[in-house]
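Residue strings, one per chain:
2 protein chains.
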Amino acid sequence: MHELIEKGTPWTLKEVGTDPEVIKQNETLFSLSNGHIGTRGSLEETHLTPEFSHSKSTLMNGFFDTEPITYGEWAYGYATHHQTTIPIPDGKKMEMKYDGEVFDLTSSDAKDHNRTLDLKKGILTRSYSWKTENGHELEVSIERFVSYDYPEIMAQRFILTPKDDNNSLEVSFELDDLKSMGKERDKEDDPDPRKKEQASRRFESDDLEFYDADMLHIKTHASGLHAVVGNRVVTDNDVHQQISDKNRDSLSFYSKANQTIVIDRFVAYSELYKEESLTENIIDNLIRTLKNVTESGYEKVKAEHISTMESFWEHSDIQIDGEPALQLGLRFNLFHLHQAAGRDGKTNMSAKGLTGEGYEGHYFWDTEMYMFPFFLYTQPEIARSLLMYRYSILPQAKERARTMAIANGALFAWRTINGEEASPYYPAGTAQIHINADIAHAIYSYGEVTGDDAFMLNEGLEMLVETARFWLEWGHFDDNRGGAFVINDVTGPDEYTAIVNNNYYTNLMAKKNLAYAIEWIEKRRRQLPDEDFNVSQDELTEWKKAEEHMYLPYDEDKQLTMQDDSFFHKKVWDFEQTPKENYPLLLNYHPLTIYKHQVCKQADTVLAQFLFLDDFSKEQKKRDFDYYEKVTTHDSSLSRSVFGMMASQIGEEKKAYDYFMDTALMDISDLQSNTKDGVHAANMGGTWMSMVQGFAGLRVDKGTLHFSPQCPSEWERIVFKVRFQKRLIQVSMTPSSTDYQLVEGDQLTIIENGEKKTL
Amino acid sequence: MHELIEKGTPWTLKEVGTDPEVIKQNETLFSLSNGHIGTRGSLEETHLTPEFSHSKSTLMNGFFDTEPITYGEWAYGYATHHQTTIPIPDGKKMEMKYDGEVFDLTSSDAKDHNRTLDLKKGILTRSYSWKTENGHELEVSIERFVSYDYPEIMAQRFILTPKDDNNSLEVSFELDDLKSMGKERDKEDDPDPRKKEQASRRFESDDLEFYDADMLHIKTHASGLHAVVGNRVVTDNDVHQQISDKNRDSLSFYSKANQTIVIDRFVAYSELYKEESLTENIIDNLIRTLKNVTESGYEKVKAEHISTMESFWEHSDIQIDGEPALQLGLRFNLFHLHQAAGRDGKTNMSAKGLTGEGYEGHYFWDTEMYMFPFFLYTQPEIARSLLMYRYSILPQAKERARTMAIANGALFAWRTINGEEASPYYPAGTAQIHINADIAHAIYSYGEVTGDDAFMLNEGLEMLVETARFWLEWGHFDDNRGGAFVINDVTGPDEYTAIVNNNYYTNLMAKKNLAYAIEWIEKRRRQLPDEDFNVSQDELTEWKKAEEHMYLPYDEDKQLTMQDDSFFHKKVWDFEQTPKENYPLLLNYHPLTIYKHQVCKQADTVLAQFLFLDDFSKEQKKRDFDYYEKVTTHDSSLSRSVFGMMASQIGEEKKAYDYFMDTALMDISDLQSNTKDGVHAANMGGTWMSMVQGFAGLRVDKGTLHFSPQCPSEWERIVFKVRFQKRLIQVSMTPSSTDYQLVEGDQLTIIENGEKKTL
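Protein chains in written order, with this note's numbering: chain A, 2 to 760; chain B, 2 to 760.
It should be emphasised that the hints constitute simulated quantities derived from the structure, not laboratory data.
Treat each hint with caution, since some may be false.
[Stated by the list, open to error] What follows is a list of derived Cβ distance ranges for each label pair:
| no. | chain 1 | residue 1 | chain 2 | residue 2 | range |
| --- | --- | --- | --- | --- | --- |
| 1 | A | D627 | B | Y555 | 31 to 41 angstroms |
| 2 | A | P396 | B | Y584 | 48 to 58 angstroms |
| 3 | B | R403 | A | N754 | 50 to 60 angstroms |
| 4 | A | F613 | B | N535 | 37 to 47 angstroms |
| 5 | B | R403 | A | V573 | 20 to 30 angstroms |
| 6 | B | K545 | A | E620 | 36 to 46 angstroms |
[Said to hold, decoys possible] Chain A is faced by these chain B residues, among others (derived, beta-carbon under 7 angstroms):
| no. | residue |
| --- | --- |
| 7 | I70 |
| 8 | Y72 |
| 9 | G73 |
| 10 | G78 |
| 11 | S109 |
| 12 | A406 |
| 13 | A432 |
| 14 | F478 |
| 15 | N489 |
| 16 | D490 |
| 17 | I500 |
| 18 | N502 |
| 19 | H570 |
| 20 | K571 |
| 21 | N589 |
| 22 | P592 |
[Unchecked claim] In silico DSSO-like pairs for lysine-lysine, Cα to Cα no more than 30 angstroms straight-line:
| no. | chain 1 | residue 1 | chain 2 | residue 2 |
| --- | --- | --- | --- | --- |
| 23 | B | K623 | B | K581 |
| 24 | B | K559 | A | K572 |
| 25 | B | K572 | A | K513 |
These numbers were taken from a predicted model, which means no experiment stands behind them.
Built from N, CA and C at the ideal position, the CB exists for glycine as well.
Next up, chain A with everything else stripped away, as it sits in the complex (with noise of 0.2 angstroms):
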């Protein structure tokens, strides 16, 4: 794939010819998405022609069908269902038999054969010439897009122009054959736990309802959710024939020599929603909007969604001067970023966007700690939107917790949709209660970016209070440790090391938490003095003194840091002995091997001082950077951005860009190998991050922004903005200088590697 950049130009993505694997491939790499539907770059005859797709589904954020989980042995307060993401009908199909014969790539004769992803538009176009048996030529150019306008609609327009008379065109298109939907992905015997677990349901003739006017209800089998799916096939041109039943649109034409014939589609996908007795509305709803799109047509509805996406990189956009390849990586990861976030409050962001089926379409701690400061600084009613989807699981988190045997607080599930763990493997999955600090974090994050006080006075501070009870009842003053406040048996971010006591990113992050809730109860105290908050001036005080007294585990001998209380009594992992194929070591050692020994899956100490740089000396960073960085083999993609920024913060220039370029690069060259699955949005968020936050060295300290540039010598300039406190900043870096542009806003002072600075 990497020729596809360096062939391309910074803003599009290009695919020529018809080898099937590089097809397949961009499935995934030309997926379009609104954060409320998402459909793979498949090719619209994908149902003629297997051997072009690894899977060629339609996504809508958040519909999903459960299955209970089975165990090979249970136990008390396991997760009890999956929640799987179930493809829903799949609106890109299209079938086209001309002169006689059907079009497939697989046989038919396509000279040309080209695709084109335009992210600066946010469209995907095709074309193609094609001639039949008999010689007869037909020029063929197809157009996608998602809106964000509509947020329920994906548009078409097929464009064919005959070479010749009189020859008969037949145009049909249906929603995809729904029984086997989803079925028809790439069988694997496969048992890699990052893959989704197929959900062995998919829809059957009862959960399918055909409605007039093209309306299909769909709804799931056991999770109890539904959604309308609408069809539209609008042609100004000469129609023959028109069929038109529940499923099937088709058309015929009888072509005239170079007379263009232009088909446009709309089809709709309504909010999910859970009350059967809804539908009749939701059905009005769909219908209204699929009148305002036709009667709008398609050329503006395309102009208002280029509109919408110059706007969104007006605002967004990375600027690499020099490196169009590189340009282009980063502009790819920010496109399917923007792409992967739900919008919606109820919504959130998963692992692979709505890209692919892989890890189920769950929502992890990625959102919080690798995606959201994107949105953060750049499209901060986004960042909200994703906090309310936590708000809005928050009831869940605190059955969690009371299952977890905590009377008070919440522990939000570590994988989940609905907001119910669905972690079926709870040493890497419920162990890692970080998560609750990692979400408190963003929240008091948002507060001081944003300075959103009517949310953080209010569902923010309801979340920083009950994940703060948590840690107070989970943890305990160890009177072994001269009563210091520890917490045993959690799993950090590092996944090669679980079930351990006082792992430094949990415990600094309880810390921190415990801090956050603090601060901004008092702050609701002095604001609203009057309104009672619930929390007791003696809770207050456990908090207090558990932030005051939290065990962070330091090895004064080695002076390092140390990941959890027993990390240095662990075996070095032998890596000299370990062939490569083994890796990632998951697949090929038994969890207890892979615990036994010094090795990280990922990022751990290292993420925890990144996120808090300030309150570390450089000589510190730079001595757990190197002793972590032997011992962790990036099996995880969560991994390399963090050692990245770290490195540019502690002055490993050279790795800062290495770890930079593997990181940017990931998914558009396929770097792990299993990008057919969907793309890897953490990662994508850890390239802005490093951009942003490692070499800009961007970050807010006691409510104000700091920066330590860092641009690496490979590069002439970059520029980038980020809203801060409703003002819109622009940086541009070069290696030699760093220039801030207050765009909008009020004057504001800045702090430039410990020095002030007014814009």
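Position chain B against the provided structure of chain A, taking the given hints into account.
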């Protein structure tokens, strides 16, 4: 069930009446077995009266089927298949039709219904008087036993005395309904992991093949095991009509008042075998066996059985004067222990013996640590067979070590039948690597007690070497602990504390395992200097270094032995706030909730100290006992006996007595409320250990037999025999004195409380 003891005599368990609950409970207690086959104590007509039965299974030691284990989330090296004991055709079934009426206990008029299990003879009898609706009476008496002399044979005698003339009496026998076998078990929606995983597949018609002469060949679906079952019915009485087809024998008589009809039945169960081609041979052998027993006749076979049982009691009984209820309970335990042991070197003892399908019929460390001592000191040939079973699965143990990335050595499966790991939950499965040392400990003890050098220098040594090798690779010399040998990420016996570093029990046992291997390698080198055993001097040196530097965690401040590195850093479980119904904790709290507290399911450190009583000062043992007793729930049936034995040895007489009474009567009084699933064989072994190793303080130290008797003042006298180095010694213990008598063998010096005594 308690009444049953108090009203009984010290040799018999008697059941009177027709209370379904009592009869159900006794299905377990009245089980009969010979280590090869076992049959639960259900009624002959249970197929007509399911309300009297929990499970009427007949089981064959080692006969199981496999199914793939389904995991919520897979990981490398996980156990791949369930191994589940499956019931074999049940040969107890009988149907009786008298005077036109079919007898069943629910609807028939049965007077004086009673059953007696004679422990001394190993025979279960049943009798009642049945009056039909027409008022005609039939006296019924049924006997049943499972032969030790003919391991294949289960025998029944039916003695039927009509009280009137000329009524038709039809008696039918068949093998149980084969397709539903085992499925009639009480259905409970109970995820308790301690219960058996119900094998979802039983026999299907393909797995059943009838041969001539009532010979049924059965095979498992997946595990590739075969067996043959044969059936013979014999009577000397006038038979009016006899109908025999392959699965059914039916005899008709006309009654003559007070003239007794006697029918004998022998059901023969072949050994299990793996090659289908052996079937004809196996059938021939089984026909021969059936011919032998039918020619000998029921009376003779029964007399042989009784004689064998008497000889067993002669050597294995523990007599306790003045306590008839306890005496009965004790004998009941020894009876079942004796019944449970596989004697063929290919099978072992399952956690429930052959009395139920609990724990899927798996073999655990229970054998070596709780049941083995009884056999070692009373029937060492059975002890040897049990060790030979481990030797037979050594290849699988080596393979398992490879899976765990251990290049040399063996790791025995935590739970298994065929030698492959079958534990689907590795934190309380594979992580309990102490099983390696447990087996080594049993081997070493066997060598000390029997002097069987032929075994020790070959099979025994090979196992000592392979287990020793394992420790060297799993653990390592920790520079951060001054080069001490540490063993990380294991679970000790206490399953309420999992995946810890340096579990005291594990480390001490590993140290001993190394010492055992070193001692016997050196012994072999002396005895067979020319025969290499494939252990280099370098390897031996490493073992010695690890043995010498084994890290044994100890808290100098508290003067307490640490169960593991982090045990004292955990919060003590809030026992006061834990309602009674929340025990056992494992059914009511998430594993993490349990693991992050100081709370023990069972003896762990205390067991380590009990096994090496002379390595610790009495004060140390008392401090540790006091500490760990407070945090132990005894949710495992393996716990109380160990605490009791230690109590006895540290002068806690009252506690020793109380713990003992709980363990001795555990099944007979259903203390754990799950006796219906089968007896707790390990606890039964614990009873023998409590008497002999607890109260009498028997142990071997440096080849010498030690005693430190502490007969509870509640008892008049305890008498038992032990075998030691080809001697038979009788010990008579009263609260004031102990007498040792050499019954067989050469003069021997023993040590009683530090003082030598020559017998």
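| field | Violations among the numbered hints | value | Of the numbered hints given earlier, those the structure breaks are 2, 4, 11 and 14, listed in rising order.
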